[in-house]
Amino acid sequence: MTEKGNFHRWGQPLGVLDGIPIAVKDNFNTAGIETTCASNMLKGYISPYNATVVQKLLDQGAVLLGKTNLDEFAMGSGSTDGIFGPVRNPWSYSRQYKEKTPPKSSSENEESDWVITGGSSGGSAAAVSSFTCFVALGSDTGGSTRNPAAHCGVVGLKPTYGLISRHGLIPLVNSMDVPGILTRCVDDAAVVLGSLAGHDPKDATTIQDTFKPFELPNLIDVRKLCIGIPKEYHAPGLSSEILALWSKAADLFKDAGAKVIEVSLPHTRYSIVCYHVLCTAEVASNMARFDGLEYGHRADMNKSTESMYAATRREGFNDVVRGRILSGNYFLLKQNYENYFIKAQKVRRLIANDFVKVFGSGVDILLTPTTLSDAVPYMEFIKEDNRTRSAQDDILTQAANMAGLPAISIPTALSKRGLPVGLQFIGHSFQEKQLLTVAKWFEKQVKFPMIQLEEVKRHDCSVFQHQKSVSFL
Amino acid sequence: MSEALRTRPPPPSAGARRLGSPRPAPPHQRLARAGEGRSQGEQHHHPGPPSVWRDLYLASWVPVVGLEIHVQISSNSKLFSGSQVQFAAPPNSLVSFFDASLPGTLPVLNRRCVEAAVMTGLALNCSINKKSLFDRKHYFYADLPAGYQITQQRVPIAVNGSLSYSLCIDNKMSQMVTKTVRIKQIQLEQDSGKSLHDDARSQTLVDLNRAGVGLMEVVTEPDMCCGEEAAAAVRELQLILQTLGSSQAIMAEGQLRVDANVSVHHPGEPYGVRTEVKNINSVRFLAKAVDYEIQRQIEELENGGTILNETRSFDSKLGCTIPMRDKEGKQDYRFMPEPNLPPLILYDAKSLPVNMNHQQVVNIDWIRERLPDLPSVKRAKLVELYGILPEHSFTLLNEDGLAEYFENVIKQTQMKPKKVIGWILNDLLSYLKQHALTVKDSPVSSFLLADLLNLLERREISSSAAKQVLEELWKGEGKTPLKIVKEKKLELIQDQKELEQICQSVIDRQEDEVIMMVLGRNQKVLNKLIGLVQRATRGRSNPVLVKQILEKKLSE
Numbered sequence: 001m002t003e004k005g006n007f008h009r010w011g012q013p014l015g016v017l018d019g020i021p022i023a024v025k026d027n028f029n030t031a032g033i034e035t036t037c038a039s040n041m042l043k044g045y046i047s048p049y050n051a052t053v054v055q056k057l058l059d060q061g062a063v064l065l066g067k068t069n070l071d072e073f074a075m076g077s078g079s080t081d082g083i084f085g086p087v088r089n090p091w092s093y094s095r096q097y098k099e100k101t102p103p104k105s106s107s108e109n110e111e112s113d114w115v116i117t118g119g120s121s122g123g124s125a126a127a128v129s130s131f132t133c134f135v136a137l138g139s140d141t142g143g144s145t146r147n148p149a150a151h152c153g154v155v156g157l158k159p160t161y162g163l164i165s166r167h168g169l170i171p172l173v174n175s176m177d178v179p180g181i182l183t184r185c186v187d188d189a190a191v192v193l194g195s196l197a198g199h200d201p202k203d204a205t206t207i208q209d210t211f212k213p214f215e216l217p218n219l220i221d222v223r224k225l226c227i228g229i230p231k232e233y234h235a236p237g238l239s240s241e242i243l244a245l246w247s248k249a250a251d252l253f254k255d256a257g258a259k260v261i262e263v264s265l266p267h268t269r270y271s272i273v274c275y276h277v278l279c280t281a282e283v284a285s286n287m288a289r290f291d292g293l294e295y296g297h298r299a300d301m302n303k304s305t306e307s308m309y310a311a312t313r314r315e316g317f318n319d320v321v322r323g324r325i326l327s328g329n330y331f332l333l334k335q336n337y338e339n340y341f342i343k344a345q346k347v348r349r350l351i352a353n354d355f356v357k358v359f360g361s362g363v364d365i366l367l368t369p370t371t372l373s374d375a376v377p378y379m380e381f382i383k384e385d386n387r388t389r390s391a392q393d394d395i396l397t398q399a400a401n402m403a404g405l406p407a408i409s410i411p412t413a414l415s416k417r418g419l420p421v422g423l424q425f426i427g428h429s430f431q432e433k434q435l436l437t438v439a440k441w442f443e444k445q446v447k448f449p450m451i452q453l454e455e456v457k458r459h460d461c462s463v464f465q466h467q468k469s470v471s472f473l
Numbered sequence: 001m002s003e004a005l006r007t008r009p010p011p012p013s014a015g016a017r018r019l020g021s022p023r024p025a026p027p028h029q030r031l032a033r034a035g036e037g038r039s040q041g042e043q044h045h046h047p048g049p050p051s052v053w054r055d056l057y058l059a060s061w062v063p064v065v066g067l068e069i070h071v072q073i074s075s076n077s078k079l080f081s082g083s084q085v086q087f088a089a090p091p092n093s094l095v096s097f098f099d100a101s102l103p104g105t106l107p108v109l110n111r112r113c114v115e116a117a118v119m120t121g122l123a124l125n126c127s128i129n130k131k132s133l134f135d136r137k138h139y140f141y142a143d144l145p146a147g148y149q150i151t152q153q154r155v156p157i158a159v160n161g162s163l164s165y166s167l168c169i170d171n172k173m174s175q176m177v178t179k180t181v182r183i184k185q186i187q188l189e190q191d192s193g194k195s196l197h198d199d200a201r202s203q204t205l206v207d208l209n210r211a212g213v214g215l216m217e218v219v220t221e222p223d224m225c226c227g228e229e230a231a232a233a234v235r236e237l238q239l240i241l242q243t244l245g246s247s248q249a250i251m252a253e254g255q256l257r258v259d260a261n262v263s264v265h266h267p268g269e270p271y272g273v274r275t276e277v278k279n280i281n282s283v284r285f286l287a288k289a290v291d292y293e294i295q296r297q298i299e300e301l302e303n304g305g306t307i308l309n310e311t312r313s314f315d316s317k318l319g320c321t322i323p324m325r326d327k328e329g330k331q332d333y334r335f336m337p338e339p340n341l342p343p344l345i346l347y348d349a350k351s352l353p354v355n356m357n358h359q360q361v362v363n364i365d366w367i368r369e370r371l372p373d374l375p376s377v378k379r380a381k382l383v384e385l386y387g388i389l390p391e392h393s394f395t396l397l398n399e400d401g402l403a404e405y406f407e408n409v410i411k412q413t414q415m416k417p418k419k420v421i422g423w424i425l426n427d428l429l430s431y432l433k434q435h436a437l438t439v440k441d442s443p444v445s446s447f448l449l450a451d452l453l454n455l456l457e458r459r460e461i462s463s464s465a466a467k468q469v470l471e472e473l474w475k476g477e478g479k480t481p482l483k484i485v486k487e488k489k490l491e492l493i494q495d496q497k498e499l500e501q502i503c504q505s506v507i508d509r510q511e512d513e514v515i516m517m518v519l520g521r522n523q524k525v526l527n528k529l530i531g532l533v534q535r536a537t538r539g540r541s542n543p544v545l546v547k548q549i550l551e552k553k554l555s556e
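Chains as they are written, first to last, in UniProt numbering: chain A, 1 to 473; chain B, 1 to 556.
The hints are simulated quantities; they were obtained by calculation from the structure and are not laboratory data. Don't take each hint at face value.
[Said to hold, decoys possible] Cross-link-like lysine-lysine pairs, in silico, DSSO-like; alpha carbons within 27 Å at most:
no.: 1; chain 1: B; residue 1: Lys137; chain 2: A; residue 2: Lys343
no.: 2; chain 1: A; residue 1: Lys202; chain 2: B; residue 2: Lys137
no.: 3; chain 1: B; residue 1: Lys330; chain 2: A; residue 2: Lys202
no.: 4; chain 1: A; residue 1: Lys303; chain 2: B; residue 2: Lys418
no.: 5; chain 1: B; residue 1: Lys131; chain 2: A; residue 2: Lys202
no.: 6; chain 1: B; residue 1: Lys330; chain 2: A; residue 2: Lys334
no.: 7; chain 1: B; residue 1: Lys418; chain 2: B; residue 2: Lys381
no.: 8; chain 1: A; residue 1: Lys231; chain 2: A; residue 2: Lys254
no.: 9; chain 1: A; residue 1: Lys334; chain 2: B; residue 2: Lys278
no.: 10; chain 1: A; residue 1: Lys343; chain 2: B; residue 2: Lys330
no.: 11; chain 1: A; residue 1: Lys383; chain 2: A; residue 2: Lys100
no.: 12; chain 1: B; residue 1: Lys184; chain 2: A; residue 2: Lys334
no.: 13; chain 1: A; residue 1: Lys433; chain 2: A; residue 2: Lys259
[Claimed, not checked] Per label pair, the in silico range of CB-to-CB distance:
no.: 14; chain 1: A; residue 1: Gly32; chain 2: B; residue 2: Asn408; range: 55 to 65 Å
no.: 15; chain 1: A; residue 1: Gln434; chain 2: B; residue 2: Gln248; range: 53 to 63 Å
no.: 16; chain 1: B; residue 1: Gln248; chain 2: A; residue 2: Glu306; range: 54 to 64 Å
Given the structure is predicted, the values throughout are model-derived calculations rather than measurements. C-beta atoms are modelled at their ideal positions from N, C-alpha and C, and glycine is treated no differently.
Please construct the entire structure, taking both the sequences and the accompanying hints into account.
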């Protein structure tokens, strides 16, 4: 703090994020602050070190307001399956939603009308959406940043795998995890990306090349662009509303002079099954360290080391985590390895090759929906189990993780129910600048409305108008 | 992590239960014998020298031995973390966040460990894989914090090599044969921590200092057939590693650990079921463990039993192998690619990218050019340069620093190397062995020994006087050989007359011998007289001269 103080006395900002309030998903290590992954296993766990991304934000002068809720160990798509309870979508309390969704009858029902944030980075999306902070870190393994961003009406960027350090991010699937950036607008995302990107000697999977932070132009010409519309993303269960928005967005580009073509990513439909195998296998492996010995929860069981392990892991993990560990270990068994893990890896390569082919054919950016529908009420969401939900909700997002590509969800419009809908742009590897430039152009066109929180409205809305970033219309 | 971690112990392991091995005596007898003195006890506990059972069984049984050798890489830091590597440091004092598997930590490969493995691979004639991969091997154990070990299961760093070693037949140094064992692969992997089971308090203490230290696992093909071969191969490997500096390879400190895979079969038939023998902590025990296990299997099968595919532990006190209950049951390690480490890419002069930072790449050719002389080459050079016997070259290299000591003496003396080697091997080495000293700790430097040998070579003292001087030198009092010679008056008697008088008095006292001598010119008797003169002069007479005088006097 004294160092910071000195800097300020000299009249110099610490960095581009000096004084900017941020929030961090609770699966990033924060030195001296509890890091729980919303799991009993790590309840009360205080990490001795900062994740590289957290350190980089602090070095730039960002002010950490708090850690945000998630699905336990980021396994989920609703932010409903953590030990601290579900995350409520701020839009549940917006004038826009309330007007379109009249309360059914009693006040009790009204309470049950609230909608989920999506996940697993729901807490981070909610924090940005409710103006709690300007920036929140999420993580994105199958869509965990983009999905809640879409549901909460904020920008959610999943950079290229290897561009941002994973050191200190408690892993879900090491080969797909990427720290995600949630902001109110694309320009903010570009600033944060500039602070985070680049090689980290503590993460061998980060690129060696130095990353040059960039600013996005204000005048953007999309006429030379080729936008690809992958037909496979017209997936079963895609709401007609979102389909309509998607084609409107395509028209927007067409009208502005861009080339818009339909493309095919034929292996997309195998993606979710393949993802399930690879994800659970890595989960089974990554979770092996939680044995109650070095840190975290330890069961009060001392018959033998094995029984202590078993009790610790039973008490420490919820059903979702345990279920994934079980299936992952099954896929990794010697007799199953070839049939499941190796096959899934091959399919993963095919999926990645689909993108390579499409991008090789001259397509600059892919435009897709981020989610199948707008956010559903919590009471409806929990009717299905986590596995089914994740399979449905990740369907449009996780192929980008399989291929390691950068992707961003941009809030586009409000649904009939007054809830945000986002569309996704997927770019070439390490071409974040192009991706964000196109996203910024789109953001300008769609003029996504600002959330009008009922409670807040009564006080002074103009304060928030002012605080909201400049590009917001 | 400053305190030893406390955990519950694993289930109690099997006691010294033995499965059908008819020949050794029952446990109580064997225990009793263990106290009777080493040589006798050992004859009962061990199958004895290979020749004994070889004669009995070789006609019908072929033993097959393969080794898995874990070698700790000599490096300042661990394989994937910056923690220091040090033997016998306070428990849990060398543990990084990664070593303790704190969530969110990632492995970063240590370049030095890669270079050590490449060096070792080249020295063992392996082909080095320019692209190798890391895998996770899963099992739960208290001293494996992550729940998996990072190893190289699919594509190891080096494959298809060979190791040539020599051993003597029937313990005769003069009959040495050279054999070759094929090296299947060398893989890089993490060491585990250490568990200390405190049975009294029913707890296990875990020390993670060793967790994550870089290992090379050297896997041989099953090309050996007895304990001596296995021991000789490991000894040679040890020397190679020490020469390269890729490992200190001290077995007693666990820097080199050997597991032996043993099976027996009839000639012409497929290999038998094998057992894996662990907990072997010296080269000597390796030979014993393997021979015991071969004999146990043969006897088991001869008696109609079967061999279980199991892991057995060598008990060095009892000299036998016993099943390890800990490792019972087939483990499925659920191997998986390590996603946090990109493929390990090595370069050679041809493939080295021009714009690559040379500090960041490992160049196989660069390492190859800088390989030191390997023990086999050094031995050949010693034999060729100094004309010493091949078996002497082995002895010279077996002791760390002895060959250098020998060469230093040679440089400083006029004595012929063939004579010097006797002093090195018979006097210096046996003294060091008796006092459990290393060559480095020798109280007599190569300079002092050369000084002494020069006195001998210039005939200023006799060789028996030289031995007396050496006795004084061992005390390490800083006296020069010459000073000791002076103090003890050990110079050769240069005065011919004095010597003649002494000879005469010896002859006078030994009339019987003299008569025999005169009658038969008996060489034995002459030698006895020479000895008596030597005794009378306390080694100060020149034996050649004495012989001349005696012969002259006796023929008079």
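Verification of the supplied hints:
For the suggested pair lysine 137 of chain B and lysine 343 of chain A, the alpha carbons sit about 20 Å apart, so the restraint of at most 27 Å is met. Proximity of lysine 202 of chain A to lysine 137 of chain B is assessed by CA-CA distance (about 22 Å); at most 27 Å being required, the pair is judged to hold. Annotation: proposed proximity of lysine 330 of chain B to lysine 202 of chain A is violated, straight-line Cα distance about 36 Å (limit 27 Å). Using a Cα cut-off of 27 Å, the hinted pair lysine 303 of chain A and lysine 418 of chain B is violated, with the two alpha carbons roughly 67 Å apart.
Annotation: proposed proximity of lysine 131 of chain B to lysine 202 of chain A holds, straight-line Cα distance about 22 Å (limit 27 Å). Proposed proximity of lysine 330 of chain B and lysine 334 of chain A is supported: the alpha carbons are some 11 Å apart, at most 27 Å. Restraint check for lysine 418 of chain B and lysine 381 of chain B: satisfied, since their Cα atoms lie roughly 14 Å apart, inside the 27 Å limit. With a C-alpha separation of about 17 Å, the suggested pair lysine 231 of chain A and lysine 254 of chain A falls inside the 27 Å cut-off, and the hint holds.
Between lysine 334 of chain A and lysine 278 of chain B, the direct Cα distance comes to roughly 24 Å. Compliance with the 27 Å bound is thereby established for this hinted pair. In summary, the hint linking lysine 343 of chain A to lysine 330 of chain B is supported, as the alpha carbons are separated by about 25 Å, within the 27 Å threshold. Using a Cα cut-off of 27 Å, the hinted pair lysine 383 of chain A and lysine 100 of chain A holds, with the two alpha carbons roughly 23 Å apart. Note on lysine 184 of chain B and lysine 334 of chain A: the hinted pairing holds, with a Cα-Cα distance of about 22 Å set against a maximum of 27 Å.
Between the alpha carbons of lysine 433 of chain A and lysine 259 of chain A the distance comes to roughly 19 Å, so the proposed pair stays at or under 27 Å and holds. The supplied range of 55 to 65 Å is met by glycine 32 of chain A and asparagine 408 of chain B, whose beta-carbon atoms lie about 59 Å from each other. Here the CB-CB span from glutamine 434 of chain A to glutamine 248 of chain B is close to 54 Å, well matched to the stated 53 to 63 Å. Our hint of 54 to 64 Å for glutamine 248 of chain B and glutamate 306 of chain A is violated, since their Cβ atoms are close to 35 Å apart.
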